[in-house]
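> Residue strings, one per chain:
8 protein chains.
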Amino acid sequence: MHEQDDRTADLGFARVDLDRAARTGDAEVVYGAGKTPEQIVSILTTLHGHHPDRAVLATRLSDEAMHAVEAAGAEVDRVARAATLGPLPTARGTVAVVSAGTSDAPVAAEAMLTARVHGAVVDPITDVGVAGLHRLLGVRDRLERADCLVVVAGMEGALPSVVGGLVGVPLVAVPTSVGYGASLGGIAALLGMLNSCAPGVTVVNIDNGYGAGVFAARVARQSARDDR
Amino acid sequence: MHEQDDRTADLGFARVDLDRAARTGDAEVVYGAGKTPEQIVSILTTLHGHHPDRAVLATRLSDEAMHAVEAAGAEVDRVARAATLGPLPTARGTVAVVSAGTSDAPVAAEAMLTARVHGAVVDPITDVGVAGLHRLLGVRDRLERADCLVVVAGMEGALPSVVGGLVGVPLVAVPTSVGYGASLGGIAALLGMLNSCAPGVTVVNIDNGYGAGVFAARVARQSARDDR
Amino acid sequence: MHEQDDRTADLGFARVDLDRAARTGDAEVVYGAGKTPEQIVSILTTLHGHHPDRAVLATRLSDEAMHAVEAAGAEVDRVARAATLGPLPTARGTVAVVSAGTSDAPVAAEAMLTARVHGAVVDPITDVGVAGLHRLLGVRDRLERADCLVVVAGMEGALPSVVGGLVGVPLVAVPTSVGYGASLGGIAALLGMLNSCAPGVTVVNIDNGYGAGVFAARVARQSARDDR
Amino acid sequence: MHEQDDRTADLGFARVDLDRAARTGDAEVVYGAGKTPEQIVSILTTLHGHHPDRAVLATRLSDEAMHAVEAAGAEVDRVARAATLGPLPTARGTVAVVSAGTSDAPVAAEAMLTARVHGAVVDPITDVGVAGLHRLLGVRDRLERADCLVVVAGMEGALPSVVGGLVGVPLVAVPTSVGYGASLGGIAALLGMLNSCAPGVTVVNIDNGYGAGVFAARVARQSARDDR
Amino acid sequence: MHEQDDRTADLGFARVDLDRAARTGDAEVVYGAGKTPEQIVSILTTLHGHHPDRAVLATRLSDEAMHAVEAAGAEVDRVARAATLGPLPTARGTVAVVSAGTSDAPVAAEAMLTARVHGAVVDPITDVGVAGLHRLLGVRDRLERADCLVVVAGMEGALPSVVGGLVGVPLVAVPTSVGYGASLGGIAALLGMLNSCAPGVTVVNIDNGYGAGVFAARVARQSARDDR
Amino acid sequence: MHEQDDRTADLGFARVDLDRAARTGDAEVVYGAGKTPEQIVSILTTLHGHHPDRAVLATRLSDEAMHAVEAAGAEVDRVARAATLGPLPTARGTVAVVSAGTSDAPVAAEAMLTARVHGAVVDPITDVGVAGLHRLLGVRDRLERADCLVVVAGMEGALPSVVGGLVGVPLVAVPTSVGYGASLGGIAALLGMLNSCAPGVTVVNIDNGYGAGVFAARVARQSARDDR
Amino acid sequence: MHEQDDRTADLGFARVDLDRAARTGDAEVVYGAGKTPEQIVSILTTLHGHHPDRAVLATRLSDEAMHAVEAAGAEVDRVARAATLGPLPTARGTVAVVSAGTSDAPVAAEAMLTARVHGAVVDPITDVGVAGLHRLLGVRDRLERADCLVVVAGMEGALPSVVGGLVGVPLVAVPTSVGYGASLGGIAALLGMLNSCAPGVTVVNIDNGYGAGVFAARVARQSARDDR
Amino acid sequence: MHEQDDRTADLGFARVDLDRAARTGDAEVVYGAGKTPEQIVSILTTLHGHHPDRAVLATRLSDEAMHAVEAAGAEVDRVARAATLGPLPTARGTVAVVSAGTSDAPVAAEAMLTARVHGAVVDPITDVGVAGLHRLLGVRDRLERADCLVVVAGMEGALPSVVGGLVGVPLVAVPTSVGYGASLGGIAALLGMLNSCAPGVTVVNIDNGYGAGVFAARVARQSARDDR
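Going line by line, the protein sequences match chains A, R, F, S, U, H, Y and E. All residue numbers for the first sequence refer to the numbering used here, where the first residue is 657 and numbers rise by one. All residue numbers for the second sequence refer to the numbering used here, where the first residue is 657 and numbers rise by one. All residue numbers for the third sequence refer to the numbering used here, where the first residue is 657 and numbers rise by one. All residue numbers for the fourth sequence refer to the numbering used here, where the first residue is 657 and numbers rise by one. All residue numbers for the fifth sequence refer to the numbering used here, where the first residue is 657 and numbers rise by one. All residue numbers for the sixth sequence refer to the numbering used here, where the first residue is 657 and numbers rise by one. All residue numbers for the seventh sequence refer to the numbering used here, where the first residue is 657 and numbers rise by one. All residue numbers for the eighth sequence refer to the numbering used here, where the first residue is 657 and numbers rise by one.
Because the hints were derived from the structure by calculation, they are not lab data. Note that the structure is predicted; figures quoted are calculated from it, not measured. We treat Cβ as the ideally placed atom computed from N, Cα and C, and that holds for glycine. A portion of the hints provided could be inaccurate.
What the hints assert, rightly or not - Distance ranges between label pairs, derived from CB positions:
hint	chain 1	residue 1	chain 2	residue 2	range
1	E	726	Y	744	51 to 61 Å
2	R	718	A	667	38 to 48 Å
3	A	800	E	731	25 to 35 Å
4	Y	719	H	690	26 to 36 Å
5	R	744	F	790	32 to 42 Å
6	Y	723	R	726	29 to 39 Å
Stated by the list, open to error - To give an idea of the chain H side of the interface with chain U (calculated C-beta under 7 Å), a few residues:
hint	residue
7	746
8	855
9	856
10	859
11	867
12	870
13	878
Build out the structure end to end from the sequences listed, making use of the hints.
Right under this line is the structure:
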């Protein structure tokens, strides 16, 4: 009834948008949650076929899906549970992804891979929980050199407030679902970040490393210049 | 016991931070909620005395407070319920502040004044609710020309998703407390924005035009360049 | 103690209402959640035996239940996880079921099958997310021709507001549980729809494609006339 | 910067949409909450000036606003806290507005006036709480004759389920904020209605008599025919 | 350190209260959730050994636990997922347990068995949902003859309001977790019952058929005595 | 359209139910919240005129309303913010109303007056907070002599659990809105009571002394009769 | 019926506990919220009359109540909105009360006065928000010297986590209601503190400076010794 | 990029903090949730290798993890689902861990083991639910002899209020997730404890026996002295 156009590929189980990069400048992405490994591979290779010159990203992959996309030629990041197919773009501008410890690692890794796929240099800063301030103070210059910060934290989500008090770099906070009981699946960290006393902190959904990565890469790319 | 230093002025009822701009590059600000007009004027003029060369911002002012700061020489924005004292900085980079209608105007105005005080050019886009798409489509080029977008919406908070689907510019969404019943004082709009299907949307607290303005101006300033 | 009457059939594990159509004009329905395949088949065939001339609907079927009712002669809709037994009624009036993408497909399919079983023509409009407005604008005439709209959306649930701003057709919004984190299992979409800035939007429970289909078919049937 | 067009009138404090009726077929409306009496009168008379042939509706009026619009020639409904200016349209199709008692009267009255302004005949059914079933059973024929039902209830919000079990007419439920403690400002009634065991019940926001009236009138108008 | 007394039996994994009946007049009970079949059998038989003359109740039993206690000589009620060991007491006073349909049956059955074990006659009234009022009206005399009512309902929980409007018998409402989406695991029904417009409705926790049964039996027993 | 009958008196602003006592055996009641003193006096005297032989109850009265009904001949209880007009019934059966301290006094007083008006003897037990157990233990015999207990508590709402562990008398718990912060307007006490570890505790809405009084009096009256 | 004993003084409107100090070793206290100035003065002087040798504390005082108790000889702390009557006890052990800024001052002041009245030395540390870490690091030795810490914070409540990561002193966190929007009246800060990643952080109710002060003073008193 | 230092050991999957004891005086701990048995053993033995002279604690262990750490030489507490490796410290000061029954045993056991590992003597008091007050009253002297109390309770969480009314010892309350329905996974108990009417009650996260144990041991250690 409504005819096929060049901007969409119909795979039967899904209608794939081929036009996203033209519209917003971002990389194509496959959200893997709720899809079978076969479906993910099919979408990934279809998008890659239309855009062989730039990486396609797949996120939220199960163990099976990671195995399947690897067999299909994709590069897999097991911590991020994500993968890319196709060459990564030249990177411009720096996104520093800041996190406290091992539990938040998957979300931080998703943010890092996403920022890289969207064209930013990534600086991982991973040992800087608020309970050990000396380490955070020790990386202050790296925080200041970044064009955009992504700060990942679960439980009480205090890290963005502390980082935001140290430097004036644009900061995107990512609450994670790490915690139990009154963490309410990440709601405590989310509320903490929304109420940050440090001005200029913005927030994305719980565990949304992807969204933070897209946003931060946009900021970093447009901030990059020769004289900095 | 803990001695006075150069970075703080003790007014008796408050200890004023004189050092913020040096630390983060932002303007000084007086958060007016819960303070008397006299206290606000006192803090404002103290900060101005220490920084006569750049504007100090006062937000969340009552009618009485607006009257008092005006008498003290400040420039008042009655819609934003905010004021500035001292010369505004040279503006670099553009922040477009997008809103749908009259109810969200105070929050949008706070965001606009804040972005201007923090050094950005402001482009106000104010007649573009999702229930009248043609107008939004008509300003697409202005949206694309901005270095950062602030999108203000109450009730269901759908505007950021629609704007975020049109352009790839970094977008900060501000939920407002406009609404009743199941809007839960802005929680419905907040949740809507956090769950936006458009990638790269970040969110601040309900009615927090100030925070969005600070963040967007930081992004705009560092994105500004001669060749754009 | 309370005697059996003609309006109920006692199957031991359930007492089946045989009188619903007479009371409200609707089709009989078996809600499959929490029932064994055997129980579903038993109720379905009992109802069919009493009403061989019109379709009985079964919803929320497990894979096993879909297999079992198919073996019992029912027509199965695998996307909707629903089935019908018996001839579909003559259709009068049109229900357009609008949704954005693949994740909401099961709920949209349940709404479509339900509307069809309850006597309406169904027009499926499935590629019209708010992040790609041109497609939605492209189907405006189909939206206007419908007698009732069912609009299905998860995450922030913005689609009903956008559709409701385009046309004045009665609109039933169905929030889905698609999302994660602050989507709170569909609560974010539900709140968004209840607070829609478009007048005349009504809402049903999360994932309740069935309820929306019943309601929309009622409106469509009574709106159908020769001169439209 | 963005020029004035024919579809909007700029009153300084508000930009009035003059085009709504053309787009959706609905009456113009002024939402009075948060506006001064002078602003309401100004918008009301501006809209009336552009559409002298059909009624403009104003809702959520304070005592002062009711006085002011009355002085400006509007017809005031003090229970609904609403007013109309201009001739009411010819009515087609019937909306029955059902409520239990005096506390819910303002919301029911808003729904009734809205439905009338939007072109429907209104049948008020006001003494039918679930704690006195005989009265509800006594008006069953009036319920069945309606083209659409609006059912208004606070506290536990049980009335729509009982009405929805009696007749198969399309039913819009309106929860009200009547109650205290665990009514949570109407949330209890809202949840009750969303979970109604009667199929085909749709719901609007708490106290949203206006939205229910718009929707019900749309259904009633398109259902009206000579042979009913 | 704190010595064993006659009122407790130490089973190693649990310290069993042997004194409850003396203190409150109620039957002994084993709450089976979270206990192994072996533990349940051990507690049940220990309590039975101390009180061979009256029934001990076990609730919330898994399939395995039902099998195990049956093998140990207990009488099992598979719908209630409960069992009794020892002779039931002479029954005095009547508890009518009212419910709408099959989904609420397990909670209603738990209430019925509990009331019987606690010494009341039970009258089960099970086909009386609010969507079919004629059946409820048909059992009005049975409702009035009871000494206490237990009314079980899920989803919107409207049944207690309707029953409470018909008769003045003490009424305990039991919300169930039957439902989905905005039922919030029974919270919607719980809130509905707490806000009932019928005076004299009291409420217990979600799915707490046991608590309602204990309470109702206490009321029924004391309402049926000669010596007062 | 719907004619006046004997069971209702139309006062213009309200339609007064004259038939309640016949239907449920309870006293007539005027819920004063949201009504003017004049309206309350009018309803009260109308009901009294139809039932001069038994007391009519008015609750939730403002200072002005208490003054007005007193002038109209009613007996006012200033702590309960309630009043009665007409002779109190002969009392049968005892309701003990238990509370901890002064803050909960208004709710306890409403429960006591309501129970008395509905025909029960009332025993007030008011100095028994859980932080001073010796006093509670000192009144154990009074607790056991009652036919029904009403236990009123705010903050954490622990009192019903402690009382329910002491005696086996039917117990209705009333949470109050006394508290601040995480008491959430009485929700904390409400949840505490619903989760009581003492079996046989039932609960009413926050601050609903009236509902508890009606229920308890029903239980007490039927527990004290010769003819059963 | 229940006779007056030595441990209570009956003032008509309140029954004053005279025995608290003997039971728990704490000072007597009058919670002023919801009491008239006259009532507060009456209770305060009654308690003082029975315990002339040690201070009685009154909290949550209105402006009028502060004036009244001052006239009655009490020492008033206007920031804490609290007062004492009678000599303060000899102080042993140190409680450091840590807060970030002016908005949290009233709660911090209540904690400080309470701790002092309950027998502890108080060390106020008030300029140490997480957005200015250097100041907090500068007072580390004072934090370590304390026997117990009370850490007061609103908005995101991050301060206890940072302090708890610096030192191993017992720490009681007090969330305040300072904030707006998603702070939910202090719930955000409360949840943040409950989820603190620093071990050994305990929490009291929102704005409950009194409770924190009582607890901290108990810890400090019993920790005080000569050799520290 | 950021070099390894002496205070951290890099295990590949985790960076282990070796410096915690020096900073806060507490024992090292491995939080087992979400880690594989191999990872837990590896971290445990690494920490033990660096601190062979004092116990390392591992909490929240699965059955497999308990088996693995036991094989690695650790002492396992199966009720607490925790283990220690290395010699326990000399104990000073007493922590009494108070709980009501078997369901709360795992959380109480975690608190007890943690307090012991952190250097306190532990007094377990486990049969003192609020529904059997005589037992609680019977251990009053043990409560008073303790330097700090940990009170563990699920469902309505009333036990801390009752204990806090008996003695003036510092009290940490631990809500547990024991319960169903309106217990909301422990939120009801948490709210109850935060609103305790007994002064000086502090609270930790739901099921956080570890946090309570750390805090209580700190208080007990510093309170211990020869003359008590």
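> So, residue 878 of chain H near chain U? Judge it on the closest CB pair being under 7 Å.
Interface hint status for residue 878 of chain H: holds (5 Å vs cutoff 7 Å).
> Does residue 746 of chain H meet its interface restraint, that is, does its C-beta lie within less than 7 Å of any C-beta in chain U?
16 Å, violated
> Let's test the interface hint: is any C-beta of chain U closer than 7 Å to that of residue 856 of chain H?
With a closest approach of 4 Å, the residue 856 of chain H hint holds.
> Under 7 Å is the threshold here; is the Cβ of residue 870 of chain H close enough to any Cβ of chain U for the hint to stand?
4 Å, holds
> Taking 25 to 35 Å as the hint, is the beta-carbon distance of residue 800 of chain A and residue 731 of chain E inside that range?
At roughly 48 Å between Cβ atoms, residue 731 of chain E and residue 800 of chain A fall outside 25 to 35 Å, so the hint is violated.
> When you take the CB atoms of residue 719 of chain Y and residue 690 of chain H, is the distance between them in 26 to 36 Å?
31 Å, holds
> Just tell me: holds or violated, for the beta carbon distance of residue 726 of chain E and residue 744 of chain Y against 51 to 61 Å?
55 Å, holds
> Given the hint of 32 to 42 Å, check if residue 744 of chain R and residue 790 of chain F actually sit that far apart at their C-beta atoms.
Distance hint for residue 744 of chain R, residue 790 of chain F holds at roughly 40 Å.
> Go through the hint on residue 867 of chain H and say holds or violated, using the shortest Cβ distance to chain U against 7 Å.
Holds. Min distance 6 Å.
> Taking the closest Cβ pair, is residue 855 of chain H under 7 Å from chain U?
5 Å, holds
> Given a hinted range of 29 to 39 Å, is it respected by the beta-carbon distance of residue 723 of chain Y and residue 726 of chain R?
34 Å, holds
> Regarding the hint that residue 859 of chain H lies at the interface with chain U, is the smallest CB-CB distance below 7 Å?
5 Å, holds
In summary, the numbered hints that this structure violates are 2, 3 and 7.
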